Amino acid sequence: MGMRRREFLKVAAAGAAAAPLLHGRARAQAKPVRIGYTLSATGPYSVGAQITQAPNYTLWQEQVNARGGLAVKGEGRRPIEFISIDDRSEIETAVRFYEKLATDDKVDLMLPPWGSAMNFAIAPVASKYGYPLLGPTAISAKFRELAIPYFYTFLVQPEGQMKAVAALLKDLKAQGKISKVAVAYVNDLFGIELNAAAGPALKEAGLEVVDTKSYPLGAKDLSPLLKGFKAAGADAFVGLTYPPDNILVTSQAKEVDWNPPVFFTGVGTAFPFYRERFKGAEGVMGIGGWNPKVKFAGAREYYDAHVKKHQKKEPDRWASAFAYASLQILEKCVGEVGLDRPKIKAMLDATEFQTVAGPIKFARGENVATPGMVGQWQKGEFEIVWPRAWATGAAVVPKAPWA
Amino acid sequence: MKLTLLVDVVGAGLMTGGIYALVALGLNLQYGLMRVLNVAHGEFLMVGAYLTYSLHTAWGVNPLLTLLVTGPAAFGAGLVLHRLLYARLVAASDSREALESRSLLLSFGLLFVLQNAALLLWSADLKGYSYLSTPFRVLGTVFPANRVVAACVALGLSVGFYLVLQRSLMGKAVRALMQEPEGAQLVGIDVNRLHGLCFGIGIAMSAVTGSLVSMLFELTPFIGLPYTVTALVVVILGGLGNVMGSLLGGLLLGLVETASVYLVASDVRIIASYAVLSLILILKPSGLFGR
Numbered sequence: 001m002g003m004r005r006r007e008f009l010k011v012a013a014a015g016a017a018a019a020p021l022l023h024g025r026a027r028a029q030a031k032p033v034r035i036g037y038t039l040s041a042t043g044p045y046s047v048g049a050q051i052t053q054a055p056n057y058t059l060w061q062e063q064v065n066a067r068g069g070l071a072v073k074g075e076g077r078r079p080i081e082f083i084s085i086d087d088r089s090e091i092e093t094a095v096r097f098y099e100k101l102a103t104d105d106k107v108d109l110m111l112p113p114w115g116s117a118m119n120f121a122i123a124p125v126a127s128k129y130g131y132p133l134l135g136p137t138a139i140s141a142k143f144r145e146l147a148i149p150y151f152y153t154f155l156v157q158p159e160g161q162m163k164a165v166a167a168l169l170k171d172l173k174a175q176g177k178i179s180k181v182a183v184a185y186v187n188d189l190f191g192i193e194l195n196a197a198a199g200p201a202l203k204e205a206g207l208e209v210v211d212t213k214s215y216p217l218g219a220k221d222l223s224p225l226l227k228g229f230k231a232a233g234a235d236a237f238v239g240l241t242y243p244p245d246n247i248l249v250t251s252q253a254k255e256v257d258w259n260p261p262v263f264f265t266g267v268g269t270a271f272p273f274y275r276e277r278f279k280g281a282e283g284v285m286g287i288g289g290w291n292p293k294v295k296f297a298g299a300r301e302y303y304d305a306h307v308k309k310h311q312k313k314e315p316d317r318w319a320s321a322f323a324y325a326s327l328q329i330l331e332k333c334v335g336e337v338g339l340d341r342p343k344i345k346a347m348l349d350a351t352e353f354q355t356v357a358g359p360i361k362f363a364r365g366e367n368v369a370t371p372g373m374v375g376q377w378q379k380g381e382f383e384i385v386w387p388r389a390w391a392t393g394a395a396v397v398p399k400a401p402w403a
Numbered sequence: 001m002k003l004t005l006l007v008d009v010v011g012a013g014l015m016t017g018g019i020y021a022l023v024a025l026g027l028n029l030q031y032g033l034m035r036v037l038n039v040a041h042g043e044f045l046m047v048g049a050y051l052t053y054s055l056h057t058a059w060g061v062n063p064l065l066t067l068l069v070t071g072p073a074a075f076g077a078g079l080v081l082h083r084l085l086y087a088r089l090v091a092a093s094d095s096r097e098a099l100e101s102r103s104l105l106l107s108f109g110l111l112f113v114l115q116n117a118a119l120l121l122w123s124a125d126l127k128g129y130s131y132l133s134t135p136f137r138v139l140g141t142v143f144p145a146n147r148v149v150a151a152c153v154a155l156g157l158s159v160g161f162y163l164v165l166q167r168s169l170m171g172k173a174v175r176a177l178m179q180e181p182e183g184a185q186l187v188g189i190d191v192n193r194l195h196g197l198c199f200g201i202g203i204a205m206s207a208v209t210g211s212l213v214s215m216l217f218e219l220t221p222f223i224g225l226p227y228t229v230t231a232l233v234v235v236i237l238g239g240l241g242n243v244m245g246s247l248l249g250g251l252l253l254g255l256v257e258t259a260s261v262y263l264v265a266s267d268v269r270i271i272a273s274y275a276v277l278s279l280i281l282i283l284k285p286s287g288l289f290g291r
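Residue numbers (our numbering), protein chains in the order written: chain A, 1 to 403; chain B, 1 to 291.
Looking at chain A on its own, in the form it has when it is part of the complex (with noise of 0.2 Å):
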């Protein structure tokens, strides 16, 4: 909490400092745009959200008030004023907060909180007040059964990132590199969701699921599923894990000594702290992908002042880039359209917006221009591997020993 009220003071006092120099002088030095979300800085989804949002968040409103403002179409720049506090990862928390942030603060825009279960309870609030929401770290199903008029989702949701993961083991089979696919899945919505669309994907490509198992979240030992998975012959490891388990799951599997040609996992993989966890963490392939070499206008800027800006942190290697895509485009539609938010909205719906993270297309809420990806760490940097027509490098399979 100090972190965000920090902050947040230290922009205040630089705002009341500098208000007696700029006063007389410019007119043009509007009232800012005033943004406001939560965030947890403390809590179970501080680790996720301070790796992927937050860096994104302040690197976005450092560059936007140094090119002078926010452009908001018929006012000129205006700069921008964020408005949060740390949810301390409660979801109750936030709730409270998006409302205050409607009905109280009034603010111009919000951005989201981290995480599915986050969004998932303060997107009816945000769109209760018509506020359009960007998730760049919500995946579930059930956003477009609910289908929230104002929330929009940037990651692939769970059919077709695992038809994804299906296609690329398919074609490792015809190559006669694997022959019979573990999966392991942690009990929680994300987990729960991905295995159900794990099951028909796998089927359908014509694989063998030769077990699958699921664990609690917070599982501290996991090597009796490993050394199952081992007896069971299996050569390629599905992990469908969450960060601490994702760590555990890699570390184990070296520990009872399994190094399956192809080992998979989920949220986590695709974070630097992975590869520098597991010395390079060679070979090892994760859910979804992005690194500085896609051919995307404002890939690598945007890789570097990350880098700058954060004391040399990198971007993760997946949804930090639709984060900053997901900020592109609201300061894209506010240049179009000015803070009027239904029209937000209608432009959201209408247009193809071309991102860091490559092109965005909402149907429904839902983005449908990124397909479903596999990332492998390769001699640092995490490729993406599949599908060909988006990939970096080429699979490498088997991989490499463990470090």
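These are calculated hints, taken from the structure and not from any lab test.
Source: prediction; values computed, not measured.
Just so it is clear, CB atoms sit at the ideal spot from N, CA and C, and this is done for glycine as well.
Treat the hints with care, as some may be off.
[Claimed, not checked] Chain B residues, not near chain A, derived (Cβ > 12 Å throughout):
no., residue
1, Leu68
2, Leu106
3, Leu232
[Claimed, not checked] Simulated pairs of lysine to aspartate or glutamate, EDC-like, Cα-Cα distance not exceeding 20 Å:
no., chain 1, residue 1, chain 2, residue 2
4, A, Lys308, A, Asp235
5, A, Lys180, A, Glu145
6, A, Lys279, B, Asp125
7, A, Lys313, B, Asp125
8, A, Lys177, A, Glu208
9, A, Lys73, A, Glu314
10, A, Lys203, A, Glu159
11, A, Lys220, B, Asp125
12, A, Lys379, A, Glu282
13, A, Lys312, B, Asp125
14, A, Lys293, A, Asp304
15, A, Lys213, B, Asp267
16, A, Lys170, A, Glu159
17, A, Lys203, A, Asp235
18, A, Lys309, B, Glu100
19, A, Lys220, B, Asp267
20, B, Lys127, A, Glu314
21, A, Lys308, B, Asp267
22, B, Lys127, A, Glu276
23, A, Lys173, A, Asp235
24, A, Lys254, A, Asp235
Given chain A, work out where chain B should sit, using these hints.
Coordinates of chain B only, in the frame set by chain A:
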């Protein structure tokens, strides 16, 4: 039952249980002796884990050697905390109930202070390192070598502490104080000194467990609370103020959890451990070894 499965279950169970036992011993020592329920117990584990992480990654100190730093440092911190906070609380509380509720509030405060301090120092990012991350083969199966080492150290420390309590004069005084606080004072046992000492030892045990845990799991400033909860379960299971109970209770909980994971599924681990706890509370409300 196949031999390898038996080895798997018992081996992994003792490994998990050894860690549980050590962290529970520390909590029980504080509660059994002072009636101070320290819900920040797991936070000291977290701090110990981060200290080991920092010493290992910044200066390449062997994680096992860091126990020689985290243990004494935490012991010192425990003495200071006792002198500054808990001793006053004990002196100012006129009934046991008042002390229990006030110390609970105090330790909640400590919990937030320690979590936020860790957040500022180490950030919310996952932190971890690889140590002895290699297979250890035994009786036809394989265990992570770091878990074997961590469990051996934890069990060694627990048993060692138990022996000290049984054999030494100080241990005798501690046991006397646990059994009969007023009687112990009558025969001239210095309660305040012993409280401070045991509070320090309890915190040192938590921090040392943290050093071991850092070899196995990723760290965040929020890993502490689940260990406090587990320690509470073990303490209740084994009996309040019963050192042997904590040791055996910890091992039992580890075995139950592991057996449920191997024989049923990972998802029933928590259910199984609470089922055992409920069963024991129904059959013997004072805990397995409680009087």
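Each hint tested on the structure:
Residue placement check: Leu68 (chain B) keeps its beta carbon more than 12 Å from all beta carbons of chain A (closest about 25 Å). For Leu106 (chain B), the condition that its CB be more than 12 Å from all CB atoms of chain A holds, with the nearest at approximately 21 Å. For Leu232 (chain B), the requirement that its beta carbon stay farther than 12 Å from each beta carbon of chain A is met, with the minimum near 17 Å. A distance of roughly 41 Å separates the Cα atoms of Lys308 (chain A) and Asp235 (chain A); the hinted pair therefore is violated under the 20 Å criterion.
For the given pair, Lys180 (chain A) sits about 33 Å from Glu145 (chain A) by alpha-carbon distance, which is inconsistent with the 20 Å threshold. Among the hinted pairs, Lys279 (chain A) with Asp125 (chain B) is consistent with the structure: their alpha-carbon atoms are about 18 Å apart, no more than 20 Å. Only pairs whose Cα atoms come within 20 Å are accepted, and Lys313 (chain A) paired with Asp125 (chain B) is accepted, the gap being roughly 11 Å. For a cut-off of 20 Å, the pair hint linking Lys177 (chain A) to Glu208 (chain A) stands: about 14 Å separates their Cα positions.
Under the criterion of a C-alpha separation no larger than 20 Å, the hint pairing Lys73 (chain A) with Glu314 (chain A) is inconsistent with the structure, at around 33 Å. Proximity of Lys203 (chain A) to Glu159 (chain A) is assessed by CA-CA distance (about 13 Å); at most 20 Å being required, the pair is judged to hold. In summary, the hint linking Lys220 (chain A) to Asp125 (chain B) is supported, as the alpha carbons are separated by about 19 Å, within the 20 Å threshold. For the hint pairing Lys379 (chain A) with Glu282 (chain A), the CA-to-CA distance comes to about 6 Å; that is within 20 Å, so the pair holds.
A threshold of 20 Å between alpha carbons decides the hint, and for Lys312 (chain A) with Asp125 (chain B) the separation of about 14 Å falls inside it, so the pair holds. Our distance criterion of 20 Å between C-alpha atoms is met by Lys293 (chain A) and Asp304 (chain A), whose separation comes to about 12 Å. Straight-line distance between C-alpha atoms of Lys213 (chain A) and Asp267 (chain B) comes to about 10 Å, which keeps the hinted pair within the 20 Å bound. Restraint check for Lys170 (chain A) and Glu159 (chain A): satisfied, since their Cα atoms lie roughly 16 Å apart, inside the 20 Å limit.
Our distance criterion of 20 Å between C-alpha atoms is met by Lys203 (chain A) and Asp235 (chain A), whose separation comes to about 16 Å. Taking the CA atoms of Lys309 (chain A) and Glu100 (chain B), the gap is about 48 Å. The hint is violated against a cut of 20 Å. Proposed proximity of Lys220 (chain A) and Asp267 (chain B) is supported: the alpha carbons are some 12 Å apart, at most 20 Å. As the CA atoms of Lys127 (chain B) and Glu314 (chain A) are separated by approximately 16 Å, the hinted pair is consistent with the 20 Å bound.
A C-alpha spacing of about 43 Å is found between Lys308 (chain A) and Asp267 (chain B), which places the hinted pair above 20 Å, so the restraint is violated. For the proposed pair Lys127 (chain B) and Glu276 (chain A), the alpha carbon gap of about 10 Å is at most 20 Å, so the pair holds. For a cut-off of 20 Å, the pair hint linking Lys173 (chain A) to Asp235 (chain A) stands: about 10 Å separates their Cα positions. Among the hinted pairs, Lys254 (chain A) with Asp235 (chain A) is consistent with the structure: their alpha-carbon atoms are about 14 Å apart, no more than 20 Å.
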